[in-house]
Amino acid sequence: MRKIWTILILHLMAFFKSPGVLVLMFVMPVLFSGIFGGMTMNSEQNKPIVNVVLSDTENSGQILNLLAKDQHYEWKKATRQEAEKNVAAQDVAAAVVIPDDIGERISASKPLLDIIVQRKNESYLALSAHLEGTAGLVLRSYQATSKLDSDAFPKVLETITNNKGVTVEKQTIQKDKQTNVEANLMFVGFAMMFMMFGLSGAASTILEERMGGTWGRLMVSPASKLQIILGYLLAYFFMGWTQFAILMTTMNLMFATTWGNLTYLIPFASLVILSVVGFGLMIAGLVKTKQQASAISAVLIVSTCMLGGVYWPIDIVPELMQKIALGVPQSWAMSGFKEIISGSLHSATLMKDTLALVGFSAIFFFIGLRGIKFE
Amino acid sequence: MNMLTVQDLRKSFGSFEAVKGVNFSVEKGESYGLLGPNGAGKSTTINMITGLFPPNSGEIKIKDIDVIKNPKQAQKWIGVVPQEIALYQSMSARENLKFWGRMYDLSGSELEKSVDRVLEIIGLTERAKDKVSTFSGGMKRRVNIGAAILHKPELLIMDEPTVGIDPQSRNHILETVKHLNGEGMTIIYTSHYMEEVEYLCERIGIVDHGQLIASGTLSELRETIGDHSKIILSIDKESSNLEGLAQSLTGLFSEKDIQIQEQQVMVFHKEPQLILTDFIQSVAKTGTKITSVNIVEPNLESVFLHLTGRNLRD
Ligand SMILES: Nc1ncnc2c1ncn2[C@@H]1O[C@H](COP(=O)(O)OP(=O)(O)OP(=O)(O)O)[C@@H](O)[C@H]1O
Ligand SMILES: [Mg+2]
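Residue numbers (the working numbering), protein chains in the order written: chain A, 9 to 383; chain B, 182 to 495.
What the hints contain is simulated information worked out from the structure, not anything from laboratory work. Just so we're clear, the structure is a prediction, and the values are computed from it rather than from any experiment. Do not rely on the hints blindly, as some may be mistaken.
[To be verified] Computed cross-link-like contacts, BS3-like style, restricted to lysine-lysine with a CA-CA straight-line distance of at most 30 Å:
1) 298(A) / 321(B)
2) 294(B) / 250(B)
3) 233(A) / 296(A)
4) 242(B) / 11(A)
5) 294(B) / 25(A)
6) 451(B) / 233(A)
7) 11(A) / 466(B)
[To be verified] Examples of chain B residues toward chain A, derived with CB under 10 Å:
8) 374
9) 376
10) 443
11) 453
12) 465
Heads up, the beta-carbon is just placed ideally off N, CA and C, and yes, glycines get one too.
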């Protein structure tokens, strides 16, 4: 165990001491995402503003919080007059009025929320879907609490607002939340691509070490082959995770990006990183020199990333290409990340993605471990 | 007690047979030298003994442990100095030693002490914190050896530990090895420098073309050439008459003791002083001009020459 750890630390340190690697694994994905994802990112910064006219009831505050869960809009409080003026001047996309007679409207089956708009354009449609969803929630909460005391209704609303599950549900309802998910996915994709570059580069140092003699020296030490290879592979795995964790956290802090449910994300990302490690090992096992390894991996990584929907969503390519995509692990990784990041967490899809990646990893490790010369 | 036994070791790379049935054994506390020219199969033999790769056939035992079946068991007892400098160049000498020490199950204060002791032995205590990549060839070689002796192996196997270094470092290394052997460490030392092997090793095996062509103590090996010295006459190419030379010399000496080349005539003899005059006269008689005379005491070089008809280093 101690030997594994010693080897692991050695390679981890060497890896993160090399400036080339840091640029490759940390700067490049950010740069690429910045360039490719620039448009989607920008559009997010100029969110349409929606004015909200509150009533004096406690409920209306809670309803506003509920509405504000859709981060595609900037929700600003306003008085009725201001709101009407803003809408007329097109300073805001729309205004939502939360009435003070919610109870009566519910009893009379009238629409719960009023919308003031200039024109019924696309963003109105998206907004109205969100409003309907929210209204539906409010309605159900009201019905559920109508038999209880008057305090219960705002409390339920509050609980719903604070409940993450509601957000998740809403995201799947909301078609246009998609752009956000796609930007995040693109970022994950680039992180994955550069991780592939970084880790296959790292794995090919085994070839260099074979030439240099340190590999042979390890082989004739009392450390077992298993300990040695585990040391290397775990080092690569940690390299991958460090990159992934740092990039995801940075994005989260800088752009408030959400990465979905961590209890799904962490194991799935681990599996993806494991297959990337396997990929690197396979390349190192197939060629003789580090130069060959970097040439082959460059070609393989770029082409499979294109096929696998790392640069653009797989849904937009022709059907044949979508079929071909099934043959590269990135498509499964992206599909799984999509399920998790979008929050839809469709378990059958996620399970298929997981199994496919397990399969790819097994193949990669098999080829890699057979190819690596332990002498 | 037998430290190492090697029996009928064979290894082929593809269709090329690099080691063709090597046998030898090394006693505990002994220093054994493997001498042979480039490509003789020394490293291949060493690599099989250290368990780096298995032979095609044959047997290797270290302290009665079957190296082919239980390499990891055997490797605990040995220290290996590879022919190439097998170190992490971007790490300091100390970091390297610590890393390799850990691979040999050292840890904690025991590891620290070993590293300090070894740095002392290899004379690099002052430079311990410097990166190996900044070291001279000789210093790297010393660290390369240091990494093999941290765990005080019973058997130290060194594959040409002095190639390509300055005389000062070389002397330091030879002293170190002599010292370690003096402390009871069994040594296997590979080289194509006969002086090193003569200086260090009690017993010597001479390897050529994958075979052990002779083995024994230095004096035993000298015996094989009958303890003969070598008289070398350098001759003027223009004036030489090779056929005449051959004729006049075979009258004086037995054919296997004579070697005639374009610019050299050589004769092996136990007591060179006795025959020197006759030798020179019979060469001069053929009209060949002699440009210099040289008498070489019997050494491994001449043993090798005698056995193979070639020089150890061409
Ligand atoms: N991995 C290999 N594949 C093919 N041939 C090899 C391999 N290793 C060694 N050989 C060949 O086997 C022969 C013996 O090589 P070896 O390295 O054992 O020689 P050596 O005695 O150590 O020489 P040197 O003094 O140059 O180190 C050489 O002809 C070499 O070309
Ligand atoms: Mg060699």
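Hint-by-hint comparison with the structure:
1. 298(A) / 321(B): 24 Å, holds
2. 294(B) / 250(B): 33 Å, violated
3. 233(A) / 296(A): Holds. Residue 233(A) to residue 296(A) sits at ~20 Å (cutoff 30 Å).
4. 242(B) / 11(A): 26 Å, holds
5. 294(B) / 25(A): 28 Å, holds
6. 451(B) / 233(A): Distance of about 55 Å is beyond 30 Å: violated.
7. 11(A) / 466(B): 74 Å, violated
8. 374: 21 Å, violated
9. 376: 26 Å, violated
10. 443: 41 Å, violated
11. 453: Constraint on residue 453(B) not satisfied, violated at 45 Å.
12. 465: Violated, because the Cβ-Cβ distance from residue 465(B) to chain A comes to roughly 55 Å (cut-off 10 Å).
In this structure, the hints that do not hold are numbers 2, 6, 7, 8, 9, 10, 11, 12, in rising order.
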